[in-house]
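Engineer: Listed below, chain by chain, are the residues.
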Amino acid sequence: MPDSTPIMSATGRQLRVDLQRIADMVGRNTRLLDVGCGDGALLDYLVHEKGVDGRGIEISTAGVNACVTQGLSVIQGDADTDLDHYPDDAFDFVILSQTIQATRNPRDVLENMLRIGKKAIVSFPNFGYWRVRLGLLFFGHMPITKALPYDWYDTPNIHQCTITDFVRLCDRLGITIERSIALNNLGHTRRIHSSVFLANLVGEQGVFLLTKRR
Amino acid sequence: MSTPQTGSVSRLVVPQTAGKVVRLGTTTPLRLDCGVDLADFPMAYQTYGTLNADKSNAILITHALSGDQFVADPHPITGRPGWWHLAVGPGKVIDTDRYFVVCSNVLGGCMGTAGPKEIDPKTGEPWGLTFPVITIADMVRAQAMLLDHLGVTQLFSVIGGSMGGMQVLQWASMYPDRVLTAVPIATAAHHSAQNIAFHEVGRQSIMADPEWRGGDYLKQGTNPNRGLSIARMVAHITYLSEPALHRKFGRRLQDRSQITFGFDADFQVESYLRHQGSTFVDRFDANSYLYITRAMDYFDLAEQYGGLLADAFDRTATRFCVISFTSDWLYTTAASRDIVHALNAVAANVSFAEIISDAGHDSFLLEEPEFWKVLGGFLEGAAQRFGVRK
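So the protein lines, in turn, are chains A and B.
One point on numbering: in this note's numbering, the residue at position 163 of the first sequence is 163, and numbering is uninterrupted.
For this note's numbering, count along the second sequence from 1 and bump the result up by 1000.
What the hints contain is simulated information worked out from the structure, not anything from laboratory work.
From a predicted model like this one, the values you see are computed outputs, not experimental measurements.
The beta-carbon is built from N, C-alpha and C at its ideal position, and this holds for glycine as well.
Honestly, I wouldn't trust all of these hints.
Facing chain B, from chain A, some residues (calculated, C-beta under 8 Å) [what the hints assert, rightly or not]: (1) Ile59; (2) Ser60; (3) Gly63; (4) Val64; (5) Val68; (6) Gln70; (7) His85; (8) Tyr86; (9) Leu186; (10) Gly187; (11) Thr189; (12) His193.
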């Protein structure tokens, strides 16, 4: 995760930089589902700062209980199985933050997100980041970075991808990338579409705003 | 520990001074699902706290099979604390300093609301088995009539566990405009074959008691205590979990150092169950047990809406908080998840938490801080959202 200073809102709510970039993409007073909402930091921010009608899905009991305890509408569930139950176009935005690499069927999840939501926002740790590449090239072992802090044997991340991989998948699925940014380890952003090659090298994370191709 | 007594004729009597009773259906009778009209019937209830000026702070608590309206004050017969006194009261999770809490004895019950033990005004004698068979929806309709009487048009929340949770679901589907938030706990949208099977064992044990007299025991001066206590023993096992039973009793012996090679209660768990059975008969009516278990068995919310559970919540604006417990094998997390999925299908506003507990179905009645944190947080968030003032 980028570790630059969190940005504080008018009401004193702080968000991690990557979450702030996601929040920036969300329209005010919209209906929104945050898939893999963790302890609810982003959802809480969006509900209170942007007036969204926000819901969440979280796999961990501790995360769910923390969310519901602070008054957020969150269910215990998982991205692979629980999106099926929602009707088409139920939300304006469906967010998947730092979760797609941990799903069993990322492609199905992505398609489901754009079925139940008009727009999707996806962020993930970029496996093409130069530190990741160097780790494997020079040291010959699975890279461990701030964004990917796990050993290979206990990582929940079973479907790692690079920014380039993700752009290709969107293309294959007929998904339009409305906005895309790469964040480096200092939390600085650059637009991906200006050079996917460069973004894939310097970006520690990618954040994408997606719509279905009409 | 003594075995349940038989033959002792002691009709269950609720002290006249205990609690509030109102007669409902005096102008328009209650049309039951079975087609019978129930007119001029008693409804026993308790209230806690004060209804605020804009009438926005009312919470209805719906009780389970063996519960009653005495949710937070001592039981008038047993003298024991109210069945949910841990969660309901001043400063508690359901804070009676803030909310106006109503809890009524269900239709078919035996603590003052119309049921088989009460007097049929037409005959002047106890209803017995001539009392009409009631449903969960009938219970809810009667509660709605009570709230009309109390001047409560909209509930901030309706909260209940087990059969109480069934009433919560029924409330939310039948009166969506009257329910801002709904909290179904440790419950299911229909009774499973296993649920029905356990109830049938209980009913058969009551009806097999010769003292039951075809349901006519109140007129004949007998009391099917043995049958009712066995029903309670069976049911009580289903409310616990194997780990909870093991922790509480293991294979420990009761007041003896070795087994007796007989059929006395050698094991602590036997003694405990006998005690549960024999104390239950002091406060419960056998026919009521038949009627209420039947109402639960008949409960199938989806079936009321053509087979699709989601249709029960179509266009609902109610906020839901569904809660289950990991060790509850009677009303499982899977059953709660079915409710959640139905609510998702209509994009309802729903929270769902599974609480880790090894205490089985009874967890919702016990000291479970995580459960209370979730419930308290949900209510607080909703109270802020809906602007509930004290």
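Engineer: Decide, hint by hint, whether the structure agrees.
Structural biologist: Now for the hints, and whether the structure bears them out:
1. Ile59: Nearest chain B Cβ about 11 Å off; hint violated.
2. Ser60: This hint is violated: serine 60/A lies away from chain B, its Cβ roughly 11 Å from the closest one there, beyond 8 Å.
3. Gly63: violated, 10 Å
4. Val64: holds, 5 Å
5. Val68: With a minimum Cβ separation of about 5 Å from chain B (threshold 8 Å), the hint on valine 68/A holds.
6. Gln70: This interface hint holds because 6 Å falls under the 8 Å limit.
7. His85: holds, 4 Å
8. Tyr86: This hint holds: tyrosine 86/A lies near chain B, its Cβ roughly 5 Å from the closest one there, short of 8 Å.
9. Leu186: Cβ of leucine 186/A sits 36 Å from chain B, so the hint is violated.
10. Gly187: With a closest approach of 31 Å, the glycine 187/A hint is violated.
11. Thr189: violated, 32 Å
12. His193: Since the shortest Cβ distance to chain B is 33 Å, the answer is violated.
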